[in-house]
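Trainee: Sequence:
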Amino acid sequence: RLPPALRRRLPALATVAFLVVVGLGSYGIGREIGEIPPVDDPLAGISSPEPGAPAGGTRIDLATVPVDDFDPPPGGGDEQTGAVPNAVDDDPSTAWETERYDSAAFGGIKPGVGLLVDLGSPTPVSRVELITRGGGATYELRAADELGARAEDYRVVARGTADAESLVLTPGSPTTARWYLVWITGLAEVDGGYRAAVREMRFLRG
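Just add 52 to wherever you are in the sequence shown, counting from 1, and you've got this note's numbering.
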């Protein structure tokens with residue numbers, strides 16, 4: 053027989069034991085499910101697999117290669133140069149934006165502007181993912197084996213029009229090159245003017 057003092061404490065001890073078991077069970081379930089992070093990436097559902105995954109290719113770290121704005125004549129040679137790192141910093145809250153123009157065709161001043169990527173050696177690229185800001189801007193993916201001074205020096209391998217937040221440019225045939233140009237050929241109307249923005253740019257190796 054249990055002492056009277058212990059018998060009086062049994063209900064409280066049983067309650068504590070029950071809460072401990074429930075707590076441990078909830079913790080285990082939480083560990084299996086994991087936290088659900090906030091989604092601020094419109095490409096999350098179709099975006100790059102982990103490096104080495106066979107389905108979509110291996111993501112190239114653009115933060116480790118030269119990426120420059122490309123504004124050849126008749127452009128002025130400088131299109132928001134200081135903001136270029138914003139397009140490859142893995143942070144969709146920042147962006148590289150074009151200047152503001154009076155029409156979708158760059159106010160008739162020039163045929164386009166873009167971002168030029170030097171991968172250092174001939175590299176196969178299976179797709180380029182862009183997180184944009186606002187829909188309607190038109191883009192081309194161009195490639196070349198040698199550095200060119202004009203957009204025409206790079207061959208067009210894919211074209212597309214951005215929706216409200218994203219665009220995927222996929223070459224129709226296998227493409228290998230050292231230089232890749234994301235060339236903007238048309239701007240979207242924004243706040244009474246026209247411009248385009250690249251919040252994030254991702255290259256996948258084929």
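Take the hints with a grain of salt, since some may be wrong.
Stated by the list, open to error - Label pairs and their calculated CB-CB ranges: (1) A115 x L199: 35 to 43 Å; (2) T228 x S145: 29 to 37 Å; (3) G129 x S225: 28 to 36 Å; (4) S225 x G128: 30 to 38 Å; (5) G160 x V242: 12 to 20 Å; (6) S145 x G200: 18 to 26 Å.
Simulated from the structure, these hints should not be mistaken for lab results.
Built from N, CA and C at the ideal position, the CB exists for glycine as well.
Trainee: Now tell me, hint by hint, if it's right for this structure.
Mentor: Results of checking the hints against the structure:
no.: 1; hint: A115 x L199: 35 to 43 Å; result: violated, 21 Å
no.: 2; hint: T228 x S145: 29 to 37 Å; result: holds, 33 Å
no.: 3; hint: G129 x S225: 28 to 36 Å; result: holds, 32 Å
no.: 4; hint: S225 x G128: 30 to 38 Å; result: holds, 35 Å
no.: 5; hint: G160 x V242: 12 to 20 Å; result: holds, 18 Å
no.: 6; hint: S145 x G200: 18 to 26 Å; result: violated, 33 Å
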